[in-house]
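A.B. asks: Each residue of the sequence shown is one higher than the one before, starting from 1 at the first, in full-length UniProt numbering.
Honestly, the hints are just simulated from the structure, not real lab data.
You may find that some hints are simply not true.
What the hints assert, rightly or not - Simulated restraints on C-beta separations: (1) 16 to 74: 34 to 42 Å; (2) 72 to 93: 16 to 24 Å; (3) 63 to 30: 17 to 25 Å; (4) 73 to 15: 30 to 38 Å; (5) 16 to 72: 26 to 34 Å; (6) 93 to 25: 14 to 22 Å.
The C-beta atom is built at its ideal place from N, Cα and C for all residues, glycine as well.
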Amino acid sequence: MQVKITGKHAAFLVDGKTFAYYLSDYQGDGIIGVCCRTRSGEAPEFRGKVASQWFTPANPSLKGWTGLRLDRMALDWGEVSDLIRGSYFRSALLAV
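Work out the full structure, taking the sequences as your base and the hints as a guide.
C.D. replies: Dropping the structure here:
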């Protein structure tokens, strides 16, 4: 795994493929969150989660990615781990 830090943000890579981003006030939106590659249909509106915890990354190159806010009170760290782990394995498969 590799980590690339740019300003207040970090990209996490496996075999040269990015699988997660840590974002802090990305594009001045005030959001502190993690963005991960998701499967089709895995977006939060399909998962029955609290919509205010999720966001769609503003960067159009992140199509198919979902953001989870880390700056919310009721954060389920197991859910954060599952999101990152799933993205890691999807990205690792793309790198093969």
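A.B. asks: State for each hint whether it applies.
C.D. replies: Hints, verified against the model:
{"no.": "1", "hint": "16 to 74: 34 to 42 Å", "result": "35 Å, holds"}
{"no.": "2", "hint": "72 to 93: 16 to 24 Å", "result": "30 Å, violated"}
{"no.": "3", "hint": "63 to 30: 17 to 25 Å", "result": "23 Å, holds"}
{"no.": "4", "hint": "73 to 15: 30 to 38 Å", "result": "36 Å, holds"}
{"no.": "5", "hint": "16 to 72: 26 to 34 Å", "result": "32 Å, holds"}
{"no.": "6", "hint": "93 to 25: 14 to 22 Å", "result": "32 Å, violated"}
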